[in-house]
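Here our numbering runs 278 ahead of the position in the sequence shown, where the first position is 1.
If you are wondering where the hints come from, they were derived from the structure by calculation, not from laboratory data.
Take every hint as true, because none was put in to throw you off.
No more than 25 Å apart at the CA atoms, straight line, and that leaves these computed lysine to any residue pairs for SDA-like:
{"#": "1", "residue 1": "K470", "residue 2": "E502"}
{"#": "2", "residue 1": "K1067", "residue 2": "A1138"}
{"#": "3", "residue 1": "K1067", "residue 2": "I1107"}
{"#": "4", "residue 1": "K1067", "residue 2": "P1125"}
{"#": "5", "residue 1": "K470", "residue 2": "P612"}
{"#": "6", "residue 1": "K1067", "residue 2": "R1053"}
{"#": "7", "residue 1": "K1067", "residue 2": "F436"}
{"#": "8", "residue 1": "K1067", "residue 2": "H1145"}
{"#": "9", "residue 1": "K1067", "residue 2": "S437"}
{"#": "10", "residue 1": "K1067", "residue 2": "R1114"}
{"#": "11", "residue 1": "K1067", "residue 2": "A1142"}
{"#": "12", "residue 1": "K1067", "residue 2": "P1054"}
{"#": "13", "residue 1": "K1067", "residue 2": "H1093"}
{"#": "14", "residue 1": "K1067", "residue 2": "P1117"}
{"#": "15", "residue 1": "K470", "residue 2": "R538"}
{"#": "16", "residue 1": "K1067", "residue 2": "A1109"}
{"#": "17", "residue 1": "K1067", "residue 2": "Q1079"}
{"#": "18", "residue 1": "K1067", "residue 2": "T1084"}
{"#": "19", "residue 1": "K1067", "residue 2": "L1136"}
{"#": "20", "residue 1": "K1067", "residue 2": "I1102"}
{"#": "21", "residue 1": "K1067", "residue 2": "L1161"}
{"#": "22", "residue 1": "K470", "residue 2": "S534"}
{"#": "23", "residue 1": "K470", "residue 2": "R486"}
{"#": "24", "residue 1": "K1067", "residue 2": "D1148"}
{"#": "25", "residue 1": "K470", "residue 2": "V586"}
{"#": "26", "residue 1": "K470", "residue 2": "R598"}
{"#": "27", "residue 1": "K1067", "residue 2": "T1115"}
{"#": "28", "residue 1": "K470", "residue 2": "R754"}
{"#": "29", "residue 1": "K1067", "residue 2": "I1111"}
{"#": "30", "residue 1": "K470", "residue 2": "F568"}
{"#": "31", "residue 1": "K1067", "residue 2": "R1131"}
{"#": "32", "residue 1": "K470", "residue 2": "P702"}
{"#": "33", "residue 1": "K1067", "residue 2": "S1112"}
{"#": "34", "residue 1": "K470", "residue 2": "E659"}
{"#": "35", "residue 1": "K1067", "residue 2": "R1083"}
{"#": "36", "residue 1": "K1067", "residue 2": "V1167"}
Quick list of the computed label-pair ranges, beta carbon to beta carbon:
{"#": "37", "residue 1": "Q746", "residue 2": "G964", "range": "53 to 59 Å"}
{"#": "38", "residue 1": "Q746", "residue 2": "G565", "range": "34 to 40 Å"}
{"#": "39", "residue 1": "S550", "residue 2": "G321", "range": "55 to 61 Å"}
For each residue, glycine too, the CB sits at the ideal point set by N, CA and C.
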Amino acid sequence: MNDCLSLPLRQGSGGIRRLDGWQSQWMSLGEGEAEGLPAGRGGGWEPAEVPGQRLAVAGRQALWYRCAFARPDHSGRVLLRIGGAFLAANVWLNGRLLGSHYGYFAPFGFDITSHLAADNLLVVCCEAPVETDLVRKRHVMGLFNDGDSRPYPPTAYFSLPEPYRWEVPVGLWRPVELEYAGSVVLDCLRLKPRLEAGDVGILEVEARLRNLDGRDMVGEMQLELQGGATGEGLSPAVAQGGVPPSTGGPRPLRLSREYRVPGGLEQTVAFSVSIPQARRWSPWRLGEPFLYRAVARVLVDGRESVRVNQEFGFRDLEIRPRPEGWTVRAGGQPFFLRGANYAPDLRLDRLTEERLEADLELAHDANLDALRVHAHVLPEEFYRAADRAGMVVLADFPLTQSYAYHATGEEARFFEDSVREQVPEMVELLRNHPAIALWIAHDDPPWIPANAGLGDVHAVRQNYSVDQDARSLFERLDPSRPALAASGELDSHLFLGWSEGHWSGFSEVEPGFVSAFGAQALPSVGSPVWRELGQRWPVPDDEPAWLYAGFQPYQWMEFGVGLPSDQESLESYVSASQDYQAWLLRFAVEQFRRRKLEPCWGAFAYQLVDPFPSIGFGVVDHARVPKAAFEALAAAMAPTRVMIEPLGFVVGRRGVAYEPGRPVEARLVVVNDDFQLAGPARVRWGLRRERGLVETGMARVRDALRRKSYGGTLDFELPGAAEPAAQIERLTLPVGAPGEYVLEAELWVGGQQVDSTELTIRVGLEPTGAPPPRRPVPDYLVERLVDSKSLRSDPVGLSFQLLNRTRPAALTGVHAVHLDGNAITTDRILAEISSRTVPLPRRLDLPVGRPVRLLVDLGAPLEAGEHVLDVDLTVAGVASGRLRLEGFVRPEELRPLDSRRGG
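Working from the sequences, and respecting the hints, build out all of it.
Here it is as structure tokens:
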């Protein structure tokens, strides 16, 4: 698939020159070749920014670049290095095809020494195919071509009017450079540090040398190890396979090996080094994430050919995902991972080191230990910054949801081959970063049990084989880390309170590791994001600009705070949505931490930031303005936390309520992740009423007599950081008077208050956010769920057709039916399955593009004339509400009852 050099390392010892002065134009690959674009001919060239990420749309999917440069003043080899290109790149120099590369994240290039002229013209054609049949897609782009972290998400079902278009990235998003080197270069430098016998560091090094010359090359490879990113010296060590280091005070450790590489071939040079009292790389809350530096130099005839600098660390963190349960250990002790999913920006070319470091600081301020780079690969600068910040990283390969379903054999082979080629590229690019603790091959694939709702795509276990191959490949190439075939199999995606079930369900689940949970919220009113969204009010419930920005009407209506038409103002909608997101994240995190190590070993909110100006899941929006959930997440993830777990409450849309006359019940639970904090502790708690019912006269007097307050102090031993959470007390508090109460608690350790929390409780009042009335299904969804012209008379009554053009889904409920304004009981609904008419099952699969016929048993054919059928239904995860079909039945369409098909 690729005929180029893999160049994960920047290594130009003779200098590195960035190419500039680019021009570009849009034209398909075949048309461009016919027009002579590989030789730089043709009109239409315009100035272009490189690096610069562009957007491909249907009919405009290939972008040509050209750049002129003079022959470098360098006597050795000249490498052309392209840092990254979306998605497939063909490269010509002076009209001659050098080769091609497929995959957006891996650097690649060519030895162009023999092709150089005095004046040179470099031409690159980047192609990014636009795929709209998402279950059949075959291009490896992760969240860039599927999922809810991109503009025009799949939940809009390609329904939006102009100017909204389905777009994918295209172009040269990383620098294009000339590297000046000698005849022998480094294909890869594999640093394999491990700890033995406590504090003895063993570093094994594999360096793969490539001889670019046709002659045999003899030389020396030198390796220098320095302690710390600043290059401080090392303690004396023992080297194997190299020159023993001299003893004495701390100094860089230098090793060397001689090599001989035949012309045009490769050779691997190995070192092994023992470092007594090695300092450890640990997550930031355990101490300094200490880094070492390896400087590799390849010499040919005594002259430096290439030089590479790489940081590494002796990672003191172990993750073991197993079907029977997870374990995570740091410093040899159990360790609960507090994390979030992370997709900082869909414009990867805009991710500066400063912005990435600021995001890591945000994660630190939210008390997070870890980030999951969700369904894509970031620029290498992020992983380097995470190394230095002590932020654990779960590294996703760029696959999400379904691929190659009903694809041709050739398309399926292309997809699977591209996965198998790009996994090694990802490992070679990122393997030396100690922050990476786990590889993930595929996010949310169709074959995991949680995706049973996808029907046939799930039933055939689509992508299962290639995902297992990818997991095995990760673990074979990098045995130091575990790999998951899928996120969502051994770990859990729990979107209770958003796309499934009620938020209170978090108190009932027993997950081993939660890699995604959360809810959407609107950006804050003053955020610059609204300049992109359009800060106007009111807006329709299916406003195209909001749908393009990620707004999910079904989830907002069924589980969230309702649709725009439920709110009086944008300000009230923003406040309600942010309050709900904050409450859901707080409740979920505290439930997971209450189960710390028994059985839960980690929780990752979805997600830290919104990756584009959107209505999204981030606790911080794209402009980096925090939502209310950021503070809630930081509090819930505090290293040492006192938690109030409500019990026996009334389940409302949000908030906690109790029926009149029933006592308020709650557990006080304390969890501690701070390895420096221990000893006697105290919780002070109290219950007070904030407000009562609006009453006058003697009712107010009686209310005052019934009003009660409670409080107390509890002494206990603080649980250790490597221990589960501890239940301190179960409270049962008879509350006589209705009203709004606040239950609060403070945690004191060593005479210092380390945490506090409060919970608002309503007694005898309706829980806030009562479910809104059932609404019509938005028009854009009606058009993609029902054949609007299918209303027909039938011998048993009438029939109509569901025609699903959204995604694999299922009809899970018909709640009400009205014909010409008259109610019809739902037990009269029948379904035609395999040419048989049967009672409507509780779940009816709706394959994409395949009509599904429903019938209404009226006992007689539908009379001639105009009719209106109103159906209130739920297609899980897609739509829920009322829809209307209108039709005219002609007398000649009526058939006698005895023509009824068998059922």
